[in-house]
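K.L.:
Chain by chain, the residues:
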Amino acid sequence: MTSTTTVTELYAAVQLHYARQVQLLDGCRFAEYAATFTADGEFQHTPGQPAAHGHDGITAELTRFNKRFDNDPVQRRHWFNMIDVRPREDGLLDTTFYALVLTTRPGVKEPVVGPSCLVRDVLAFEDGELRNRSRQVHHDQMS
Amino acid sequence: MTSTTTVTELYAAVQLHYARQVQLLDGCRFAEYAATFTADGEFQHTPGQPAAHGHDGITAELTRFNKRFDNDPVQRRHWFNMIDVRPREDGLLDTTFYALVLTTRPGVKEPVVGPSCLVRDVLAFEDGELRNRSRQVHHDQMS
Amino acid sequence: MTSTTTVTELYAAVQLHYARQVQLLDGCRFAEYAATFTADGEFQHTPGQPAAHGHDGITAELTRFNKRFDNDPVQRRHWFNMIDVRPREDGLLDTTFYALVLTTRPGVKEPVVGPSCLVRDVLAFEDGELRNRSRQVHHDQMS
Numbered sequence: 000m001t002s003t004t005t006v007t008e009l010y011a012a013v014q015l016h017y018a019r020q021v022q023l024l025d026g027c028r029f030a031e032y033a034a035t036f037t038a039d040g041e042f043q044h045t046p047g048q049p050a051a052h053g054h055d056g057i058t059a060e061l062t063r064f065n066k067r068f069d070n071d072p073v074q075r076r077h078w079f080n081m082i083d084v085r086p087r088e089d090g091l092l093d094t095t096f097y098a099l100v101l102t103t104r105p106g107v108k109e110p111v112v113g114p115s116c117l118v119r120d121v122l123a124f125e126d127g128e129l130r131n132r133s134r135q136v137h138h139d140q141m142s
Numbered sequence: 000m001t002s003t004t005t006v007t008e009l010y011a012a013v014q015l016h017y018a019r020q021v022q023l024l025d026g027c028r029f030a031e032y033a034a035t036f037t038a039d040g041e042f043q044h045t046p047g048q049p050a051a052h053g054h055d056g057i058t059a060e061l062t063r064f065n066k067r068f069d070n071d072p073v074q075r076r077h078w079f080n081m082i083d084v085r086p087r088e089d090g091l092l093d094t095t096f097y098a099l100v101l102t103t104r105p106g107v108k109e110p111v112v113g114p115s116c117l118v119r120d121v122l123a124f125e126d127g128e129l130r131n132r133s134r135q136v137h138h139d140q141m142s
Numbered sequence: 000m001t002s003t004t005t006v007t008e009l010y011a012a013v014q015l016h017y018a019r020q021v022q023l024l025d026g027c028r029f030a031e032y033a034a035t036f037t038a039d040g041e042f043q044h045t046p047g048q049p050a051a052h053g054h055d056g057i058t059a060e061l062t063r064f065n066k067r068f069d070n071d072p073v074q075r076r077h078w079f080n081m082i083d084v085r086p087r088e089d090g091l092l093d094t095t096f097y098a099l100v101l102t103t104r105p106g107v108k109e110p111v112v113g114p115s116c117l118v119r120d121v122l123a124f125e126d127g128e129l130r131n132r133s134r135q136v137h138h139d140q141m142s
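Chains A, B and C, in that order, give the protein sequences. Its first residue numbered 0, the first sequence is counted upward by one per residue in numbering that gives the first Met the number 0. Its first residue numbered 0, the second sequence is counted upward by one per residue in numbering that gives the first Met the number 0. Its first residue numbered 0, the third sequence is counted upward by one per residue in numbering that gives the first Met the number 0.
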């Protein structure tokens, strides 16, 4: 019973963490997105690029990545789904889930769909709040 | 602990409310969809149109909106995701989430995708059931 | 209170069951996918085809279905969403939800989107784990 309750609570907490995290990302609030990682958090989202580390490193990487949209205004939306959550012995959580990026341009009702990705996170509780210790994004078109 | 339990319960309740609500909408059961709002509920879904109010007003607005499909049979599906839920001091819930409309036509396997939207709801419990006090839909292509 | 807790626990359990189930399916681990059904489970996913029954039957049907990709490498992703869960008197669960298939080909960033489906499952607990007693997939383009 306790373990059922725990899995239930974890599952809602993970979903809420991701909802808030992607809304920061898609709102281009990169420093706040970076703050959803632990201080030594690792973020690897672009194939062939080295991972970014720490709040400043993640913020810098997202700023760099999003320069491509400087003269191409878009509203991006990251959708996460089919989230598997597995608690580890050490209290960390392994999650594996699907991610899809939708990119809408002004005046165009149909978003560009893709890439479709598989994401592997390690999450940690800090002062009762979930944080990403790491994120590895695998792009399906690179299988 | 109580607050964790509460957030967990709220999160599942909100997801279930939305699942049932959109299945009514996509089943063209507009009066039943309207009944998922409070009696004085406000529904604003079309950019530039005034909000509809109350069960009759919401039903009428959806009937009007869907006339465009009278000679164009479609199966629409509303997908909600990345749901942020924030309880307010007054017992109401603020939610912010992504919505995507998928429109399938007979014999065509690939749905039309879009618009992609950001939705802000205010939810209230009535006799233990969640209801929408309001819904504001923002279309990403109108950013 | 107990019933609220139960619905909450059920909702998380169903989401987790589906997350793990589709990751097996999309990983082409068909025997393991089949094992997420009860021993006498029924699986009906292709319009006009008879349902498959039991672990061996479901594994064989998925192997047959996926032969079409033998010379066309793809990464498929099944997305489930808007999940309605209704416990029955007999302890089984009726679920109704939306499903969308995304198919990504090597080097192509935009997945093929579709079909969009409505799925009706009956789920059972076996030794504390959810299993599908049945699954009926309805394709929206066949409405």
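What the hints contain is simulated information worked out from the structure, not anything from laboratory work. Heads up, a few of these hints could be off.
If chains are identical, the list can't say which one is meant, so a pair holds when it fits in one copy or spans any two.
What the hints assert, rightly or not - In the DMTMM-like style, the derived pairs of lysine to aspartate or glutamate whose C-alpha atoms are separated by at most 25 Å in a straight line are:
#, residue 1, residue 2
1, Lys66, Glu8
2, Lys66, Glu128
3, Lys108, Asp55
4, Lys108, Asp89
5, Lys108, Asp25
6, Lys108, Asp69
7, Lys66, Glu125
8, Lys108, Glu125
9, Lys108, Asp71
10, Lys108, Glu8
11, Lys66, Glu109
K.L.:
Confirm or reject each hint.
P.N.:
Hints versus structure:
1. Lys66 with Glu8: neither (38 Å within a copy, 40 Å between copies)
2. Lys66 with Glu128: Cα proximity of lysine 66 and glutamate 128: none, with 31 Å in one copy and 45 Å across.
3. Lys108 with Asp55: Neither way: lysine 108 and aspartate 55 sit 35 Å apart in one copy and 29 Å across, limit 25 Å.
4. Lys108 with Asp89: neither (46 Å within a copy, 37 Å between copies)
5. Lys108 with Asp25: both (18 Å within a copy, 19 Å between copies)
6. Lys108 with Asp69: both (21 Å within a copy, 21 Å between copies)
7. Lys66 with Glu125: neither (32 Å within a copy, 47 Å between copies)
8. Lys108 with Glu125: Neither: 40 Å inside a chain and 36 Å across chains, both beyond 25 Å.
9. Lys108 with Asp71: Answer is both: 16 Å inside a copy and 19 Å across each meet the 25 Å cutoff.
10. Lys108 with Glu8: neither (37 Å within a copy, 35 Å between copies)
11. Lys66 with Glu109: both (23 Å within a copy, 21 Å between copies)
This entry does not satisfy hints 1, 2, 3, 4, 7, 8, 10, going by the numbered hints stated previously.
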